[in-house]
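Next come the chains, spelled out residue by residue.
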Amino acid sequence: MITNMLYSLGGVALFIMGLFALIACSHPLRKILAVNIMATGIFLILIATAYKQAGTGEIDPVPHAMVLTGIVVSVSVTALALILACRVQETSNRSLSQKQANDFTSSGE
Amino acid sequence: MTSHSIQNKRKRFDPVLLLVLLLIVFLTGLLVQGILSTDYMGSRLADDVARFQDISGVESPVTAVLLNFRGYDTLLEVMVLLMAVVGVWSLTRAPFPRRPIAPSPVQLAVVRLLTPLMVLFAFYLVWQGSHLAGGAFQGGAVLGAACVLMLVSELPWLKNTPSRSLRVGLLIGPVVFLGVAILCIILQGTLLDYPQEWGGPLLLLIETTCAISIGLTLACLFAGGRPKDDLTRRKKQ
Numbered sequence: 015m016i017t018n019m020l021y022s023l024g025g026v027a028l029f030i031m032g033l034f035a036l037i038a039c040s041h042p043l044r045k046i047l048a049v050n051i052m053a054t055g056i057f058l059i060l061i062a063t064a065y066k067q068a069g070t071g072e073i074d075p076v077p078h079a080m081v082l083t084g085i086v087v088s089v090s091v092t093a094l095a096l097i098l099a100c101r102v103q104e105t106s107n108r109s110l111s112q113k114q115a116n117d118f119t120s121s122g123e
Numbered sequence: 009m010t011s012h013s014i015q016n017k018r019k020r021f022d023p024v025l026l027l028v029l030l031l032i033v034f035l036t037g038l039l040v041q042g043i044l045s046t047d048y049m050g051s052r053l054a055d056d057v058a059r060f061q062d063i064s065g066v067e068s069p070v071t072a073v074l075l076n077f078r079g080y081d082t083l084l085e086v087m088v089l090l091m092a093v094v095g096v097w098s099l100t101r102a103p104f105p106r107r108p109i110a111p112s113p114v115q116l117a118v119v120r121l122l123t124p125l126m127v128l129f130a131f132y133l134v135w136q137g138s139h140l141a142g143g144a145f146q147g148g149a150v151l152g153a154a155c156v157l158m159l160v161s162e163l164p165w166l167k168n169t170p171s172r173s174l175r176v177g178l179l180i181g182p183v184v185f186l187g188v189a190i191l192c193i194i195l196q197g198t199l200l201d202y203p204q205e206w207g208g209p210l211l212l213l214i215e216t217t218c219a220i221s222i223g224l225t226l227a228c229l230f231a232g233g234r235p236k237d238d239l240t241r242r243k244k245q
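Chains as they are written, first to last, in the numbering used here: chain A, 15 to 123; chain B, 9 to 245.
It is worth saying that the hints were derived from the structure and are not from the lab. Honestly, I wouldn't trust all of these hints.
[As the list claims (entries may be wrong)] Covered stretches of chain B, going by a simulated chain A footprint (3 or more residues, C-beta under 8 angstroms): (1) 26–40; (2) 78–84; (3) 91–103; (4) 121–132.
[What the hints assert, rightly or not] Beyond 12 angstroms from chain B on every Cβ pair, some chain A residues (computed): (5) P42; (6) L47; (7) I73; (8) M80; (9) S106.
For every residue, glycine included, the Cβ atom is placed at its ideal position computed from N, Cα and C.
With the rest of the complex left out, here is chain A (with noise of 0.2 angstroms):
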C-alpha cells in the first residue's frame, strides 16, 4: 500500500515537473521532452495503481492494458511532433535560436 503511493507520487512530481517545462519553455524541443516526461509520470502512477501485493503475482489488467497501448501511442505521438518541429525550423524566418531568448529558462546563457 505504502508502495503503490510512493511509485504515485514519484509520478506525481514528474508530471508536474513536465507540466512547468510545458509552460515555461518555449523552444519545442523542449515542449516535446515536458510532454513525454508527463506522459511517463502518468504511466507511473497507473502502473502503481495497478500493483497489488508483492509475491502474489496478481496484477489489475485494465490499467497495464492502457499503457501498453499508451506507450506506443507516446511514440508515434513523439515522432510526429518533431516532424512537425523541423517543419516550422524549416518554413520559419526567425531561427529557433532566436526564439529562445523569450524563454524563462535560457535566462542565464
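Fit chain B to the supplied structure of chain A, relying on the hints for placement.
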C-alpha cells in the same frame, strides 16, 4: 556583465512565471491529495476481468482487456498510429544520405545475426500473448526495433523500399481489425462482440497483423518521411 545580471534578476521575478508557479503548486496539492485518498485495496476492475476471463478466448488477462473487453480503445489506438504515419509521410521525404557511409563489417555481421532472431522473437511474443505477458504491441515494438537496427546501419536496399508494399504492411493490421469488427456487427449485432467459439483464433489473427503494422509504423516514424518512390507518379504526368 552587470546589465546581464540585471536582466537575470528581472526575469527571475517575472509575474507570469510566478503565476504559473502558484498554479502548479495548487495543482500539485490537488493531485497529492487525490493520491493520498485513493483506496488501493478496494474493489477493482481486476475482479470483473477474472470473472469474464473464460469467455474472452485467451488466457492472459492483459490481452483479454486489450483486444476483447476494451477492443474499441485498441482499434482506435491502431488508427492513431496509422494517422501518425500518414502525417509524417505527408510532411517530408525520408532523409537518407545521398552517399551512404560504409558500416563496419562487425556492425553488418551483428545486424545479420540479430535481425532474424528479433523477427522470430517478435512473433513468439505475439503467440505468447494469448496465455502470458506479450502481445501485439510488444511484438510490434521488437519488430520495429529490428527495422530501426537495419535503418541505422544504412543497408543500401532500404533506400529503395517500394512504397506500395510498405503501404500494404501498414494497412493490414487496421484493416483486419476493422474487418473483424464489422464482421462482428453482421454476425452478432454488436461491434467487436466476437463469436465465442472463434474468439481465440480471431484474436490471434488480429494480434499478428497488428504486430506487423505496429512494427512497420515505428520503423517508418523512425525513418522520418515517405519512401523515395512515394507520390512520384503525379509529378511525371
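So, going through the hints one by one against the coordinates:
1. Judged by the Cβ-Cβ criterion of 8 angstroms, the stretch 26–40 of chain B is covered by chain A as claimed, because 7 of its residues qualify and three suffice.
2. For the stretch 78–84 of chain B, the stated coverage by chain A holds: 3 residues have a C-beta nearer than 8 angstroms to a C-beta of that chain, and at least 3 were required.
3. Only residues whose C-beta sits within less than 8 angstroms of a C-beta in chain A count toward coverage, and the stretch 91–103 of chain B has 6 of them, enough to reach three; the restraint holds.
4. By the rule of at least three residues with a Cβ nearer than 8 angstroms to a Cβ of chain A, the coverage given for the stretch 121–132 of chain B is violated, with 0 such residues.
5. Against chain B, the non-interface label of P42 (chain A) holds: every CB pair exceeds 12 angstroms, the least being about 14 angstroms.
6. Against chain B, the non-interface label of L47 (chain A) holds: every CB pair exceeds 12 angstroms, the least being about 17 angstroms.
7. Its beta-carbon lying about 7 angstroms from the closest one in chain B, I73 (chain A) breaks the requirement of being farther than 12 angstroms from that chain.
8. At roughly 8 angstroms from the closest C-beta of chain B, the C-beta of M80 (chain A) falls inside 12 angstroms, breaking its exclusion from the interface.
9. The claim that S106 (chain A) is not at the interface with chain B holds, since no C-beta of that chain comes within 12 angstroms of its own (minimum 15 angstroms).
When held up to the earlier numbered hints, the structure conflicts with 4, 7, 8 and fits the remainder.
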